[in-house]
Amino acid sequence: MALLEVRNLHAGIEGKEILRGLDLTVNAGEVHAIMGPNGSGKSTLAYVLAGKDGYEPTSGEVLFNGKNLFDMEPDERAAAGMFLAFQYPLEIPGVATITFLRTALNAQRKKRGDAELSVPEFQKRLNAAASQLGIDRDMLRRAVNVGFSGGEKKRNEVLQMALLEPRLAVLDETDSGLDIDALKIVADGVNRLRSRERAFVVITHYQRLLNYIVPDVVHVLSKGRIVKTGGKELALELEAHGYGEYQEEAVA
Amino acid sequence: MNAELTTIKTAAESALATTFAEVRNRLPGDKAVSAQRAAAFDVFAKQGLPHRRIEDWKYTDLRALMREAKPLASPPDAATKARAKAAGAMLGDVEARRLTFVDGAFVPDLSDLRGLEGGLSIGSLADALAEGDPAVLGHLGKIAPAGDVAVALNTALMGDGAVIRIADGATIERPLHLCFVASEKPAATFVRSLVVAAPGTRAMLIESHEGPSRSDYQVNAALELFVGQRAHIDHVKIIGEGAEALHVSTLAAAIAAQARFNTFTFTTGGAVVRNQMFLNFDGEDTVAGIRGATLLGGRQHADTTLLVNHIARACQSREVFKSVLGGEAHGVFQGRIVVRRGAQKTDAKMMTQALLLSERAEADNKPELEIYADDVQCGHGATAGALDDELKFYLMARGIPAAEAEALLIQAFLGEAIEGIEHAGLREALMDSVAAWLKARK
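Chain order of the listed sequences is S and B.
Per my numbering, the first sequence runs over residues 8 to 259.
Per my numbering, the second sequence runs over residues 1259 to 1700.
Chain S with its partners taken away, still in its complex shape:
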């Protein structure tokens, strides 16, 4: 059984259809890249999977681990193993990063019927994950993402991912706004999390990120549909020739 099965998905915002019959199958252990020009529906796909208000599916279905994704609230999806790394991580004044992480982890554990983690056990896991990403204690005490640089915010997303241990991580333009050093730290963080049980959907406009997070499968998204699927070499092809032919193809 595939981990994620998207069948003929139509979805949009405020009555405007953006995804127009998208099909995608992701198996555990795989890394899929979804590339496409601006406006092709990449972020919409990410939000529809995570369950953001206003991003409503109109037809088609999505099975996550065999279950209907649209029957679940965003927090239930997260507890079932769905994780969205935000393109623009939000700042939450007044909520310490460490509180946020512990609340999230324990909420997921509770929903799955696991016991809450003790403070020392949580601290141990947090310290291990944070040090690998170069996140210091001071950052963990500060309010979530408040005053963080772009790179720090993205590292914080990867830290959350490392702690929450999702089955499927959707990375929405994780490379945007990062310099090469920050990009490497983030990519290393993601690569450490690759495993046979876990899958990734890496959404990106540019091929650059895929030098560091090497995908098994590359899809081209255009006008709300997957128009081409290939291996990692497809990304290089797109880098060389641009999206021109796919945009025309989709129109025709």
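It should be emphasised that the hints constitute simulated quantities derived from the structure, not laboratory data.
One thing to keep in mind: the hints can contain errors.
Partial list, derived from the structure: chain B residues whose beta carbon lies under 8 Å from chain S [said to hold, decoys possible]:
#1 Asp1647
#2 Leu1649
#3 Arg1656
#4 Pro1659
#5 Leu1666
#6 Gly1673
Note that beta-carbon positions come from the ideal geometry of N, C-alpha and C, so glycine has one too.
Since chain S is already given, all that's left is putting chain B on it; use the hints.
Chain B alone, transformed into the frame defined by chain S:
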């Protein structure tokens, strides 16, 4: 006499006049106090209860909100006192010296008067008035604005309250807790307290007001506070009245040079609440934090009205007020900062924020700056809005259920104000109260 009769119109106004006529000769105090009461009552008789056409009471039309005036509370009986023992729970683990007032009367049996720290003296206002204590009479009514009707009624009808004196340089380690408890009887209390902190003193003063949820009792409480030079005084007021109560309270403070002064008001209770503060910065180089958090639901109405008067130069004041309004609640904030001509180098910044949890909740905000000096830094900001859906989604996307995500965001919102309280135990107690409020909301 005729003029008075034509201005006293409502049932509540008539009842107050009757009450005053009945009790004026029984209330404590000598002739001078009696004259002070009469003059104060005259202020009320001329103006009547404040209504919406009085600018300072624009959003809290007491004439309309106060349908009747309750009779003055009688002295508490043994059973009432026994029930009052459980009061003050909202302070959590804070180890404070408790002074209990039941239905406005000081109850020594329920108060901790043992082993007073050096330099600390505690008494009851009723005793001080009866004895004609010159030090008390010399301070009483000196800073509370006599023209304010709530203050005037308090002065006219004050029965009891705390009188606390802290002598030169004394540090009072244990917080002093003025614990005001109303009993089941729907009565009115007029409590007046006086705190005189001499130069160089250090103390924390907690005022809590609570009562039963099924009694429409009325409280008019006033505190006059003198903060001496270089003193460091923290004041926290917890308004946790019962759901049907009418609560009007006043803090009037005169703050001398180089003092540190913090006041925080935490409001969750009462059907109608008016919390007013009149703060005078009389000496230079004072640093003050004036903050508050209000949580309302149902049809509660709470009004915070603040007048900060920068008279002396180079004082710094920070005003931060936050409110969370659900149901059909109505939150009001009126904040006026006046910078007098001589108050150069004043640094005053005021911020008010309202979080509306329902479409029928209402927040009114009236910040005013009145500046007569030319070398000052003053500013104010205000926001009102709903919970941020984007933030809520971010939390939910990490596995936090909707209700818990909302609670976390509300706690964070209020936490920014509450963290201004220096006492860690009290900060925790108030955050616990916020959590309890959020839990009860569901």
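Do the hints match the structure? See the list:
no. : hint    : in the structure
1   : Asp1647 : 6 Å, holds
2   : Leu1649 : 6 Å, holds
3   : Arg1656 : 4 Å, holds
4   : Pro1659 : 5 Å, holds
5   : Leu1666 : 6 Å, holds
6   : Gly1673 : 5 Å, holds
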